[in-house]
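Position 258 of the sequence shown, counting from 1, maps to 258 under full-length UniProt numbering, and the rest follow consecutively.
In short, the hints are calculated from the structure, not lab data.
Note that the Cβ used here is the ideal one computed from N, Cα and C, for glycine as well.
Incorrect hints may have been included.
Claimed, not checked - Just the calculated beta-carbon pair ranges, DEER-fashion:
#, residue 1, residue 2, range
1, Asp183, Asn265, 34 to 42 angstroms
2, Glu363, Gly271, 49 to 57 angstroms
3, Gln269, Ser383, 52 to 60 angstroms
4, Glu174, Thr213, 18 to 26 angstroms
5, Gly231, Arg335, 33 to 41 angstroms
6, Lys334, Asp264, 22 to 30 angstroms
7, Gln269, Arg101, 44 to 52 angstroms
To be verified - Below, computed lysine-lysine pairings styled on DSS-like, alpha-carbon distance capped at 30 angstroms:
#, residue 1, residue 2
8, Lys179, Lys208
9, Lys78, Lys18
10, Lys251, Lys204
11, Lys246, Lys78
12, Lys178, Lys131
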Amino acid sequence: MSFQRTQEKLKILADAAKYDVSCSSSGSNRFNTTKGLGDATGMGICHSYTEDGRCVSLLKILLTNYCIFDCAYCVTRKSNDIKRAAFKVQEVVDLTINFYRRNYIEGLFLSSGIFKSADYTMERLVAVAKKLRLEENFNGYIHLKSIPGASDELMREAGLYADRLSVNIEIPTESGLKKLAPDKKREDFIKPMVKVKNEIIQYKAEKKIIKSTPKYAPAGQSTQMIIGASGENDFQIMQTSNFFYKNYNLKRVYYSGYVPISYDNRLPQIGTAVPMLRENRLYQTDWLMRFYGFDVSEILNEQHQHLDLDIDPKLGWALRNLHEFPVDVNTADKRMLARIPGLGMKSVHKIINARRFRRLNWEHLKKIGVALNRAQYFIICDSNQFEKRDLTSEKIKGLILQNSTSKYRKSLSNQLSLFG
């Protein structure tokens, strides 16, 4: 095939892949021990960051943008009049190896539209990973998208060659999926998740007995949902995330703000994209659930269904629960320290370690890295320099906003009115 045709395919299928944000390589530990190509240890994804702060990249493409489904929110839906293209398995293998040898990438993120059937498509995705591992001796990072409805046998094989697997649940609620993608069923998304979860559990159990047990999806599995296409509120979205974290041991849930691409009256109007700030607040809430010990019901519930766009969700919780404060940083336990606005988990650990040797004052907290512009209203320490005042939550919020700056503080999209 001519270079021009391959280049055209790459342009079409790389552009189509940009809507998928569910890529991260953290957690993979595939070492290069056979003088092969690449090393997935700490390596990652297209213009993303590893846990140690390094920026890394990966080839992010679709195998094809042909699709048998007509999901209203998807740019590759079968009724959309766009240029179509499809890579052969060997073409993806060759592109990955050639790009790697030129130091353009450190791995592959491969997704696909569904053509013919779920298994037909998944077979080809697996074939790419298998050829890279076995024929090219490639040890770099590979992230494969699981095709909804794919057989257990294919999901088993996929995990033997990929570092991470992910299946996008697409729409947060079943009713939203039925409205915008009536041909799809939620159980088809769940099936591969269940298989991957069980295979990972089995691998970990066998690894304890047989050290040479082949790795299975060492970076785990993740998912992505589209935000703002079907009108769910933040409470519904985070309830869905919480369900999948608890039941399928996901590494990450990604939140992708819907970009209007259609005049379909079931969807938001073109020009009303979801504000990036809303995505940011959802990720902050996700972080609080996974690393700070918050239950989703503490942040969002039937009485409080939307995240405050003016302030972060931890500060929002603190302002609604002023009876929990002030907290003495010299005596509070780890759980309560983590709930103080302005304290990240690194600061929490530094405080716990430092107070073993002396009582901490404002100057110590500042050196530790505590954001005192927020924390000062919720803590006490070994100092008489701070005059305790009885402030209402609205007054505290006003004082914090007055002294804060944010890259998101611009006029917000009118799509917010959809969730009012």
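To see whether the hints hold, each was checked on the structure:
1. Asp183 x Asn265: 34 to 42 angstroms: Violated - the Cβ-Cβ distance for Asp183 and Asn265, about 19 angstroms, lies outside 34 to 42 angstroms.
2. Glu363 x Gly271: 49 to 57 angstroms: Given a distance of about 50 angstroms, which is inside 49 to 57 angstroms, the answer is holds.
3. Gln269 x Ser383: 52 to 60 angstroms: Because 54 angstroms falls inside the window, the suggested range holds.
4. Glu174 x Thr213: 18 to 26 angstroms: violated (37 angstroms)
5. Gly231 x Arg335: 33 to 41 angstroms: Since the Cβ atoms of Gly231 and Arg335 sit about 35 angstroms apart, the hinted range of 33 to 41 angstroms holds.
6. Lys334 x Asp264: 22 to 30 angstroms: The hint (22 to 30 angstroms, Cβ to Cβ) is violated, given that Lys334 and Asp264 are roughly 49 angstroms apart.
7. Gln269 x Arg101: 44 to 52 angstroms: holds (46 angstroms)
8. Lys179 x Lys208: With Cα atoms ~46 angstroms apart, Lys179 and Lys208 exceed 30 angstroms; violated.
9. Lys78 x Lys18: Holds. Lys78 to Lys18 sits at ~18 angstroms (cutoff 30 angstroms).
10. Lys251 x Lys204: OK: Lys251 and Lys204 at ~16 angstroms, within 30 angstroms.
11. Lys246 x Lys78: The given pair, whose Cα atoms are some 34 angstroms apart, is violated under the 30 angstroms limit.
12. Lys178 x Lys131: violated (37 angstroms)
Going down the numbered hints, you'll see the structure goes against 1, 4, 6, 8, 11, 12, while the others check out.
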